[in-house]
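Using the sequences plus the hints, can you model the full thing?
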Amino acid sequence: MSDIQIWTLVFAALSFALYIYIAVASRVKDTAGFYVAGGGIPAPANGAAIAADWMSAASFISMAGIVALSTNGYDGSVYLMGWTGGYVLLALLLAPYLRKFGKYTIPDFVGDRYSETARMVAVICTVVISFVYVAGQMSGTGLVFARFLNVNATTGVIIGMVIVFFYAVLGGMKGITWTQVAQYSVLIVAYLIPAVAISTTVTNIPVPQIGFGQILAELDGLQRDLGFAEYTEAFTNSNMLNVTLMTATLMFGTAGLPHVIVRFYTAKSVRAARFSALWALFFIALLYTTAPSIAAFSKLNILQDVSGTAVDNLPGWAQTWADVDLITVDDLNNDGIIDYGADAANELTINNDILVLAAPEIAGLPAPVIGLVAAGALAAALSTASGLLLVISSSIANDVYYKKINPQATEARQLMVGRITMAAAIVVAGYLGINPPGFVAQVVALAFGLACASFFPVLVLGIFWKKCTAMGATAGMITGLVVTLAYMLWTIDIYGNSDGIFGITETSFGVVGMALNIIVTVVVSQFTPKPSPVMQELVEEIRYPGRTKLVEAHAHGDLPPDVH
Amino acid sequence: MDERQRREYWRRNLRLMAILLTIWAAVSFGAGIWFVEPLNNIVIADFPLGFWFAQQGSILTFLALIAVYVWRMDKLDKEYGVDELEEEVHHS
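Chains A and B, in that order, are what the protein sequence lines are.
Note that the working numbering gives residue 544 to position 544 of the first sequence, counting from 1, and the numbers run on in steps of one.
Note that the working numbering gives residue 566 to position 2 of the second sequence, counting from 1, and the numbers run on in steps of one.
Read the hints as simulated data drawn from the structure, not as lab findings.
Hints should not be assumed to be uniformly reliable.
[As the list claims (entries may be wrong)] Calculated cross-link-like contacts (lysine-lysine; reagent style DSSO-like; alpha-carbon spacing at most 27 Å):
id	chain 1	residue 1	chain 2	residue 2
1	A	Lys-403	A	Lys-268
2	B	Lys-642	A	Lys-268
3	A	Lys-549	A	Lys-466
4	B	Lys-642	A	Lys-29
5	A	Lys-29	A	Lys-268
6	A	Lys-466	A	Lys-530
7	A	Lys-403	A	Lys-549
8	B	Lys-639	A	Lys-268
9	A	Lys-530	A	Lys-268
10	A	Lys-403	A	Lys-467
11	A	Lys-530	A	Lys-29
12	A	Lys-530	A	Lys-467
13	A	Lys-549	B	Lys-642
14	A	Lys-549	A	Lys-467
15	A	Lys-268	A	Lys-549
16	B	Lys-639	A	Lys-549
17	A	Lys-404	A	Lys-29
18	B	Lys-639	A	Lys-466
[As the list claims (entries may be wrong)] Pair by pair, the computed Cβ-Cβ distance ranges are:
id	chain 1	residue 1	chain 2	residue 2	range
19	B	Pro-602	A	Ile-210	22 to 28 Å
20	A	Gly-557	B	Gln-569	38 to 44 Å
21	B	Ile-606	A	Ala-322	39 to 45 Å
Beta carbons: idealized from backbone N, C-alpha and C, even for Gly.
Shown next as structure tokens:
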């Protein structure tokens with residue numbers, strides 16, 4: 001076993017022990033604890049939990065690589081802006097009002113505000129979006145195990161499943177939230193140490209967000225010399241229309257993702273929900289402003305130290321990854337030199353996922369730091385997986401079992417059903433992680449399009465427009481979902497190969513589906529029965545913090561069942 | 565809050581939201597995407613400005629926008645006396 005493997009093992013084992021300790025310490029006994037941690041999480045902790053929930057294996061492992069390599073600099077900004085801009089929408093348009101409404105799940109809000117049909121449509125959307133997303137997290141866990149510890153990916157996924165099983169089934173939302181606070185701490189430390197080290201070495205500026213400005217001119221020059229477009233030049237991979245639509249899709253999708261929205265129910269009050277959004281974006285911004293600097297520094301390193309060197313004289317870190325085929329060198333013209341370039345004569349291929357994992361080695365940091373980064377990647381994958389699994393479990397146990405199948409179920413019974421669905425969801429997610437459907441990578445990006453086209457409009461209209469009707473919302477949700485799904489299937493490489501309409505890519509289409517959803521909802525609402533006066537008054541009440549009569553009656557289940 | 569106060573509270577909330585969301589769109593879509601090319605001709609502290617907005621400035625602005633929202637809403641809640649009434653409400 002190498003030093004790196006030993007340290008990875010040490011950090012992985014230590015962090016897992018910590019998660020299990022937290023799980024045992026925060027066991028829950030009631031459904032409010034299981035679904036929303038009793039609504040008693042302080043804002044900074046809730047913010048850190050949202051950040052860990054939100055930042056998945058993709059954010060931690062892949063994002064810097066996507067910016068540096070596959071989108072060539074500027075064009076990767078869609079992810080940076082898209083995955084943070086959504087929090088402004090969440091904070092201003094959704095978080096305080098959903099918290100005031102005081103329920104457990106998105107289907108809960110949709111069902112209570114609109115109708116039982118709408119509730120079921122929302123359950124289906126939630127489960128589909130969440131499973132799609134969680135499969136990616138499980139396979140990410142397997143990947144990290146495989147690369148750092150040489151166990152096979154299947155064993156890695158199973159270890160991950162056991163850990164998640166432990167704290168999610170025992171502790172529900174309470175266990176998950178406190179574990180996520182710990183996971184956030186691990187992942188952010190692991191991400192920042194190499195970034196600060198690289199920035200200090202290269203530019204003498206210990207703040208990577210400022211430091212990477214120093215190398216941009218040099219980076220632009222090197223890329224120009226090799227035939228690439230400049231690093232800071234806009235629209236080199238994608239046109240302005242697609243960059244705009246994809247950024248918007250990721251923003252509105254973020255604000256429509258069930259596992260993120262549900263976190264605002266865990267806040268103590270309306271005010272705490274607002275502060276949770278602020279803390280969450282603060283914690284997320286720490287990583288998201290660092291990612292582009294890791295991207296730029298690593299790209300510079302690749303252009304200076306790998307490109308143009310002898311094929312048999314790779315720098316140490318590159319050789320490590322070449323050994324596992326994540327860097328491939330193919331000396332096409334047999335001159336013994338690596339020719340990196342934008343054309344067919346390119347001889348170097350680098351996998352997006354290694355940039356962050358290689359960052360400590362690029363910076364020349366010792367083995368313990370590399371082990372810590374691996375533990376950080378695991379924390380990112382596991383924390384997102386557990387948040388998603390909770391949403392699946394609560395949608396089925398609360399919205400299907402309790403609301404539909406057995407409304408007389410006791411608290412203990414509901415809790416048991418919640419735990420059983422959680423366990424089943426973990427098994428399914430693990431299976432999907434071990435045998436990922438071929439299109440899983442694309443589908444994760446598509447989850448945003450689906451969330452954006454289905455949930456965002458019905459939630460916002462449901463809050464801000466008292467006369468938005470049940471039939472309007474249901475028709476809108478179905479239209480958004482079906483049109484977006486159809487467009488994706490039509491254009492995505494695996495199924496169709498069409499260029500689509502106006503060259504809009506499948507990942508950018510969600511916001512178009514959202515626009516259609518809004519139009520359909522508004523038009524249908526004009527011609528269908530208006531919500532009851534009581535419902536309209538309830539919607540009015542969620543606008544104001546503090547105690548209000550109807551919201552309280554609603555919370556205690558005292559409103560008539562036909563209040564829609 | 566009586567009916568008139570409610571209307572006033574909500575109108576002021578909506579106005580704040582409109583201002584913040586306009587800045588949100590102007591910085592991300594405006595500076596970060598639509599006007600990125602002309603802005604890239606301006607270089608501040610070694611960063612081409614458009615590129616900086618797309619990879620750093622927009623994120624920092626988002627954070628500032630939520631901070632202003634939280635702060636202003638706190639003030640508004642106090643003014644209308646709904647800040648101390650908060651209680652946990654969750655359905656049974």
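Next on the checklist: Name the hints, by number, that the structure is in violation of.
Outcome noted: Of the numbered hints given earlier, those the structure breaks are 4, 9, 11 and 20, listed in rising order.
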